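S.K.: Residue strings, one per chain:
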Amino acid sequence: MTVNPMYHQTSQRMEEELRWIQSAQKNPESFGPLYRRYHEQIFRYIHQRMSDEETAFDVTSQVFMKALNNIHRYEFRGVPFSSWLYRIAKSELYQAFRDKKAERTVNIETYQLFEIIEEFDEDTTEANKKKLFESLSKLKERDMQLLELRFFEKRSFREIGEILDITENNAKVKSFRALEKLKKIFNHK
Amino acid sequence: MEIKTIQLDRSRLSSEFIASRQNFKQIVKCCEAPSISPFKSPLFFGAMGLSSLSLIVLLNTNDHAQTSEDNSPKRGIEMR
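Here the protein sequences come in this chain order: A and B. The opening residue of the first sequence carries number 1 in my numbering; numbering runs sequentially from there. The opening residue of the second sequence carries number 1 in my numbering; numbering runs sequentially from there.
I should point out that these hints are in silico values taken from the structure, not numbers from a laboratory. One or more of the hints may lead you astray.
[Unchecked claim] When the alpha-carbon atoms are kept at most 30 Å apart in a straight line, the in silico DSSO-like pairs for lysine-lysine are as follows: (1) A:Lys90 x B:Lys29; (2) A:Lys129 x A:Lys174; (3) A:Lys66 x B:Lys25; (4) A:Lys26 x B:Lys25; (5) B:Lys29 x A:Lys100; (6) A:Lys90 x A:Lys154; (7) A:Lys100 x B:Lys25; (8) B:Lys25 x A:Lys101; (9) A:Lys172 x A:Lys129.
[Said to hold, decoys possible] Facing chain B, according to a computed beta carbon distance under 8 Å, are these residues of chain A, among others: (10) Pro28; (11) Glu29; (12) Arg36; (13) Glu40; (14) Leu68; (15) Thr105; (16) Val106; (17) Asn107; (18) Glu109; (19) Thr110; (20) Leu136; (21) Ser137.
[What the hints assert, rightly or not] Some, not all, of what chain A presents toward chain B, calculated at C-beta under 10 Å: (22) Gly32; (23) Phe43; (24) Ser61; (25) Lys66; (26) Ala67.
These numbers were taken from a predicted model, which means no experiment stands behind them. Glycine residues also receive a C-beta, built at the ideal position from the N, C-alpha and C atoms.
Use the sequences and the hints to build the structure in full.
M.R.: Below, the structure is given as structure tokens:
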């Protein structure tokens, strides 16, 4: 499986980012380059998990407002700034679900369903596609979250770990367990 | 958390469209430091604390001075 390389940045890019962060800690106007760099990523992460586009834009704005309000507390730990933004995004997203501003939705592409069917060593038939689609709806939220990050969004275990605030190894173990659970449901159908 | 819907092959929004919805001015405007009420500012409490303390000290000193004055033997009058 190919992993989305966007998250893993060069040291030059990280240094540039650190300069922007330090500058934004002194002057909120300097947050602009960070906002422009991460707006689309954060929006897509949120929009992927809900159906309403406008609410997704609203939640994205809230994420950046919260980030800017708390930028003085941010401490650089050698990981991309986006991992901090994703954690805020996750918290704002679940708050929106709790406040009933949005409905939890899972968005999948057909080819992603077929990729999972191949992982299960099954034939990529229409019947199996339907079976997998039904199996996914029976999965618990925490397992779905891991499958979304790993198999639908192609994130690395390191990135998943940083978003979910768990270790890279734990992210790996949990992702495979989630896939195993899905396989179990799929095979019992 | 209940997963309400699973959507298949939803149309992907273009990067240009998402970029067109950026509004950095609004983010900065909302995050501009809200003017802290003078009653909630630490300066207010500091100043109030200091002035209260000095008032207490001043009153105590005055009171003490007055008491010692009252207790001191009065000169010029002799009791017989």
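S.K.: The hint names Glu29 (chain A) as touching chain B; please verify it with the least Cβ-Cβ distance against 8 Å.
M.R.: Constraint on Glu29 (chain A) satisfied, holds at 6 Å.
S.K.: Can you verify the interface hint for Lys66 (chain A): is its Cβ closer than 10 Å to any Cβ in chain B?
M.R.: Holds - the Cβ of Lys66 (chain A) comes within 10 Å of chain B, reaching about 9 Å at its closest.
S.K.: Per the CB criterion, is Glu109 (chain A) less than 8 Å away from chain B?
M.R.: holds (6 Å)
S.K.: Does the nearest C-beta of chain B fall within a distance shorter than 10 Å of the C-beta of Gly32 (chain A)?
M.R.: holds (5 Å)
S.K.: Was the hint right that Arg36 (chain A) lines chain B, CB cutoff 8 Å?
M.R.: holds (7 Å)
S.K.: Quick one, is the Ser61 (chain A) hint okay against chain B at 10 Å, beta carbons?
M.R.: Where the cut-off is 10 Å and the nearest Cβ of chain B is about 7 Å from Ser61 (chain A), the hint holds.
S.K.: Given a cut of 8 Å on the nearest C-beta pair, is the interface hint for Leu136 (chain A) held or broken against chain B?
M.R.: holds (6 Å)
S.K.: Mind checking the alpha carbons of Lys90 (chain A) and Lys29 (chain B) for me, to see if they're no more than 30 Å apart?
M.R.: holds (23 Å)
S.K.: Holds or violated: the hint that Leu68 (chain A) contacts chain B, with Cβ atoms closer than 8 Å.
M.R.: Result: holds, 4 Å to nearest chain B Cβ.
S.K.: Under the criterion that the straight-line Cα-Cα distance not exceed 30 Å, is the pair Lys26 (chain A), Lys25 (chain B) satisfied?
M.R.: holds (17 Å)
S.K.: Is the shortest C-beta separation between Ala67 (chain A) and chain B less than 10 Å?
M.R.: Holds - the Cβ of Ala67 (chain A) comes within 10 Å of chain B, reaching about 9 Å at its closest.
S.K.: Below or equal to 30 Å on CA atoms is what counts here, so check Lys25 (chain B) against Lys101 (chain A).
M.R.: This hinted pair holds, its Cα atoms lying about 24 Å apart.
In the structure shown, no violation is registered for any of the earlier numbered hints.
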